[in-house]
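Fit chain B to the supplied structure of chain A, relying on the hints for placement.
Residues per chain, in single letters:
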Amino acid sequence: MSTPFYVSPQQAMADRAEYARKGIARGRSLVVLQYADGIVFVGENPSRALHKFSEIYDRIAFAAAGKYNEYENLRIGGVRYADLRGYTYDRDDVTARGLANVYAQTLGTIFSSAAEKPYEVELVVAEVGETPEGDQIYRLPHDGSIVDEHGSVAVGGNAEQISGYLDRRHQDGMSLAEALKLAVEALSREPNGGEREIPAERLEVAVLDRTRPQQRKFRRIAGRQLARLLEAGGAETATEAEAEAEAEAEDGDDE
Amino acid sequence: MEANTRSTGRLPAAFLTPGSSSFMDFLSEHQPEMLPGKRQLPPVQGVIEAPHGTTIVAATFPGGVVLAGDRRATMGNVIAQRDIEKVFPADEYSAVGIAGTAGLAVEMVKLFQLELEHFEKVEGAQLSLEGKANRLSTMIRSNLGMALQGLAVVPLFAGYDVDREKGRIFSYDVTGGRSEEHGFAATGSGSIFARGALKKLYSPDLTEQQATTLVVQALYDAADDDSATGGPDVARRIYPIVTVITEEGFRKLTDEESSEIARSILERRLEQPDGPRAALL
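Residue numbers (the working numbering), protein chains in the order written: chain A, 1 to 255; chain B, 256 to 536.
Keep in mind that the hints are not guaranteed to be accurate.
Said to hold, decoys possible - Derived list of chain B stretches under chain A, where covered just means 3 residues or more per stretch with a C-beta under 8 Å from a C-beta of chain A:
#, stretch
1, 277-287
2, 372-384
3, 511-525
What the hints assert, rightly or not - Interface residues of chain A toward chain B, partial, derived using beta-carbon atoms under 10 Å:
#, residue
4, Glu55
5, Leu84
6, Tyr87
7, Val102
8, Thr106
9, Phe218
To be verified - Okay, derived cross-link-like pairs now, EDC-like style, lysine to aspartate or glutamate, Cα gap no bigger than 20 Å in a straight line:
#, chain 1, residue 1, chain 2, residue 2
10, B, Lys454, B, Asp529
11, B, Lys365, A, Asp93
12, A, Lys67, B, Glu378
13, B, Lys365, A, Asp90
Bear in mind the hints are in silico, worked out from the structure with no lab data behind them.
Ideal Cβ placement from N, Cα and C applies to all residues, glycine included.
Chain A extracted, bound-state conformation (with noise of 0.2 Å):
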């Protein structure tokens, strides 16, 4: 008869930390940033099918970094929630901090069950607020622990350097434009402290804007627009008024 070997409890859980961490520095990061009018979403994503970042409910969007199928899973999950609490009670009764969470809650169990493996993924669930301050930003690393945060989040692989550089650098009431710029820089840093250019191709950008007169906040930013804005990038204000204009009439085929 063969004796099971011992792993004390630390160990299992370091063990099944370095596991879902090494997946998910596996993916390519991305930051989500508050701006005057907003939150906006952008990470380097050579598809133009598969998101990274996706509308939940009217204000509240998802973004994910780490294994595909596990964060749509996630997503999908967590749309049929909204979906069928808004259908319960009300619209207004679907927050960010509620699925964010549901979504602690269900990574939490997977992460400390044993017979499950870990998800290698880390998610930011973002609400909208009528004001800046009533913005709201959750991390959610692989293991369901909750983190609010204010200003911006970086997730993914090289997300420390990356949320460092944010950190310094971000400010209240940016721009879009600005705010789309500093992210861009932020995302170009390479981990040995070199720099690389991300073309506008392989960029997703969404936002949640809170000027948006539908109710349903969540936009995509792509094509002629997101160009755009990436040359207004600085203080060129009236260019992105321009930009914003052209949004609304690009409006139709967001989706």
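Just chain B now, with coordinates in the frame of chain A:
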């Protein structure tokens, strides 16, 4: 299972199980009692009295479609509500107007809106207009049991078909039977009168503004002859709900806009009570 959506516990397995992109399918597996069609109705004698919505009209014009409804809900010979809304956006490119039992119809619209939104979020793409119209058909069919007990819901669905680049109208019967209408359509108790007006005034080359006037004329004629349909209520400033769907998406006319149309029609009717005349030949 229901407790799981209320507490902040872990997502139940059903939420994380890969499945269809339909919210109704998800509900019918996870919480079937939440679906209106799954509700059991005890046997009742006679007809159940509940507020009824009455007249909905729609007309297409080059580049879009308009959908409008009066504001009256009746219960027998009593006016149950004077400012009910019976026309709702279904999503960015479509709208639904409801005649029949108001309570059930409003619930059905809410579920229909959610069904379209859910699909869009899960799939990252919109359903085709045909797909949306079929989905509504399924929902009406699931209400057949109640319809046979007098609680019928008869919607009118209109939308802008992005692929064909034109406005389209679908009408339904209580069994969920669906038919596409060409040019114009009306449903509800005042619809026979409204349809007469539409038939005489409609032409395929209307402008958007003419189309919105047309549907209000038709609602006026319906209210003129059907006691369950409400005309423009000038004293209370309650005017018909008029919506326009074009390439730009769904738009509901503001109170000012619809009151202006209604008032100009009223003014003309003071001189000519039966409304605009068509040439005999």
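Here's how the hints hold up against the structure:
Here the stretch 277-287 of chain B counts 5 residues with a CB under 8 Å from a CB of chain A, which clears the bar of 3, and the coverage holds. Check on the stretch 372-384 of chain B: 8 of its residues sit with their Cβ under 8 Å from a Cβ of chain A, so the three-residue criterion for coverage holds. Only residues whose beta carbon comes within less than 8 Å of a beta carbon in chain A count, and the stretch 511-525 of chain B has 0; fewer than three means the coverage is violated. At about 5 Å, the closest approach between the beta carbon of glutamate 55 of chain A and any beta carbon in chain B falls short of 10 Å, and the interface hint on this residue holds.
Restraint check, leucine 84 of chain A versus chain B: the minimum CB separation of about 5 Å is within 10 Å; hint holds. Given the 10 Å rule on beta carbons, the hint for tyrosine 87 of chain A holds: about 6 Å separates it from the nearest Cβ of chain B. The beta carbon of valine 102 of chain A is positioned within 10 Å of a beta carbon in chain B (closest approach about 6 Å), and the interface hint is therefore held. Of the supplied interface hints, the one on threonine 106 of chain A holds, with its beta-carbon coming within about 5 Å of a beta-carbon of chain B, less than 10 Å.
Annotation: phenylalanine 218 of chain A was flagged as interfacial toward chain B, and the flag holds, the nearest CB pair being 9 Å apart, inside 10 Å. Taking the CA atoms of lysine 454 of chain B and aspartate 529 of chain B, the gap is near 15 Å; set against the 20 Å cutoff, the hint holds. As the CA atoms of lysine 365 of chain B and aspartate 93 of chain A are separated by approximately 16 Å, the hinted pair is consistent with the 20 Å bound. With a C-alpha separation of about 19 Å, the suggested pairing of lysine 67 of chain A with glutamate 378 of chain B holds against the 20 Å cut-off.
A threshold of 20 Å between alpha carbons decides the hint, and for lysine 365 of chain B with aspartate 90 of chain A the separation of about 11 Å falls inside it, so the pair holds.
The structure does not agree with numbered hint 3 stated previously, though it agrees with all others.
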